[in-house]
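Chemist: Listed here are the chains, written in short residue letters.
There are 2 protein chains.
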Amino acid sequence: MKMSAGVEWAVHCCVVLSQADGPVPTARLAELHGVSRTYLAKHLQQLSRAGLVRSTEGRDGGYLLTKDAAEVSLLEVVQAVEGPEPAFRCTEIRQNGPLAARPAACRSACGVARAMAAAEHAWRSSLAGVSVADLAAGVVEDNGRQAFVGLRDWLARGRG
Amino acid sequence: MKMSAGVEWAVHCCVVLSQADGPVPTARLAELHGVSRTYLAKHLQQLSRAGLVRSTEGRDGGYLLTKDAAEVSLLEVVQAVEGPEPAFRCTEIRQNGPLAARPAACRSACGVARAMAAAEHAWRSSLAGVSVADLAAGVVEDNGRQAFVGLRDWLARGRG
DNA sequence: CGAACGCGGATAGTTGTCATCCGCGTAGGA
DNA sequence: TCCTACGCGGATGACAACTATCCGCGTTCG
Numbered sequence: 001m002k003m004s005a006g007v008e009w010a011v012h013c014c015v016v017l018s019q020a021d022g023p024v025p026t027a028r029l030a031e032l033h034g035v036s037r038t039y040l041a042k043h044l045q046q047l048s049r050a051g052l053v054r055s056t057e058g059r060d061g062g063y064l065l066t067k068d069a070a071e072v073s074l075l076e077v078v079q080a081v082e083g084p085e086p087a088f089r090c091t092e093i094r095q096n097g098p099l100a101a102r103p104a105a106c107r108s109a110c111g112v113a114r115a116m117a118a119a120e121h122a123w124r125s126s127l128a129g130v131s132v133a134d135l136a137a138g139v140v141e142d143n144g145r146q147a148f149v150g151l152r153d154w155l156a157r158g159r160g
Numbered sequence: 001m002k003m004s005a006g007v008e009w010a011v012h013c014c015v016v017l018s019q020a021d022g023p024v025p026t027a028r029l030a031e032l033h034g035v036s037r038t039y040l041a042k043h044l045q046q047l048s049r050a051g052l053v054r055s056t057e058g059r060d061g062g063y064l065l066t067k068d069a070a071e072v073s074l075l076e077v078v079q080a081v082e083g084p085e086p087a088f089r090c091t092e093i094r095q096n097g098p099l100a101a102r103p104a105a106c107r108s109a110c111g112v113a114r115a116m117a118a119a120e121h122a123w124r125s126s127l128a129g130v131s132v133a134d135l136a137a138g139v140v141e142d143n144g145r146q147a148f149v150g151l152r153d154w155l156a157r158g159r160g
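Line by line, the protein sequences give chains A and B.
Quick note, the first sequence lines up with residues 1 to 160 if you use this note's numbering.
Quick note, the second sequence lines up with residues 1 to 160 if you use this note's numbering.
One thing to keep in mind: the hints can contain errors.
Unchecked claim - Simulated restraints, written as ranges between beta carbons of each label pair:
#1 A/Ala-70 <-> B/Thr-38: 32 to 40 Å
#2 A/Cys-106 <-> B/Ser-48: 26 to 34 Å
#3 A/Glu-71 <-> B/His-121: 20 to 28 Å
Claimed, not checked - Now the stretches of chain B that chain A is said to cover, found in silico as 3 or more residues with beta-carbon under 8 Å:
#4 5-13
#5 32-45
#6 93-99
#7 127-140
Rather than coming from a laboratory, the hints here were simulated on the basis of the structure.
Quick reminder that beta carbons are idealized off the backbone N, C-alpha and C, glycines included.
Given the sequences, and given the hints that come with them, work out the whole structure.
Modeler: Shown next as structure tokens:
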């Protein structure tokens, strides 16, 4: 059970976008994080389709957060990249074999699926409780207040 | 982010084993659940290596739970099949690029990794709170008390 | 001894992730 | 008007993981 590495990239990009003054192009985000430009573009497109991010086309274009960073939860970012499907998929094996449960008893999900769903709900709730703004605050806590000052300078240099 | 289908098989097998009077061979478990015998064998070997299940070799051999069903958590079964690695793997991209965080600031995990780890901890806690005995009780609740009577009969017919 | 069983390795088919490239449309500046 | 920088979507391919099967080996019991 592994999460795509694109999730990590997407989250960090959202944190950076929360500090940007204008649109940030893919190439800048890729250079900043030291990752593949073309592949990062794919994940940014996913964020765009999910509505978390807005793209400005044409020259001087780039990406912007669509909402305030405090309104964007980590869960939204993860699901934009990973998709909404739960990790556990019940195949209803209780309906297989010689002792198959009667369909009448299968109107509700089986106990195994219920327990798995509850665990994933706990996971999603935890992610939903963290916003991009919280993550940005964590960076300041770890790296000092001037951490984002350097970032804004570097982004502005790109716009020359 | 998908979980292996083998997890579902393994969990259902544990519930069945909790109701068995003696060793149950792989072929019987596979027939009962309508799944591939050879592939299920792989997952049962994983449970065996994890110590959740004990194998009796030779003729009339098969699998037994090593502990009381109330002592076996769903988390143990999931991790026996899926492995212990977390779904999110931090690649420390904060140390990449022109504005890399100083190594000194990276002694602790980055905020993103911390949030992800907290969510996975919530997931594991939820799974740890459910035992195989709880799942068996759920089957009785859904299918009536005689659900496992038929199962025990069917398993005994195999030993006939 | 023979039959039934678990164990481990070898082997593929299929799917999903990771990554790259190209052509297209769009917007701003010279 | 043209050029350039940019996002978008499709096509493509390398690689790993999951899914599935088979075989030979050792063990146990009648």
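Chemist: None of the hints should be skipped; say for each whether it holds.
Modeler: Okay, the hints, checked on the actual structure:
At roughly 53 Å, the beta carbons of A/Ala-70 and B/Thr-38 sit outside the given window of 32 to 40 Å. Between A/Cys-106 and B/Ser-48 the beta carbons are some 30 Å apart, a value that agrees with the proposed interval 26 to 34 Å. Evaluation of the 20 to 28 Å hint for A/Glu-71 and B/His-121 yields a pass: the beta carbon distance comes to about 25 Å. Under the rule that three or more residues need a Cβ within less than 8 Å of chain A, the assignment of the stretch 5-13 of chain B holds, with 6 such residues.
Interface restraint, the stretch 32-45 of chain B with chain A: holds (4 residues with C-beta to C-beta distance below 8 Å; minimum three). Coverage of the stretch 93-99 of chain B by chain A holds in this model, with 6 residues showing a Cβ closer than 8 Å to a Cβ of that chain against a need of three. Three residues within the 8 Å Cβ limit are the bar, and the stretch 127-140 of chain B against chain A gives 6, so the coverage statement holds.
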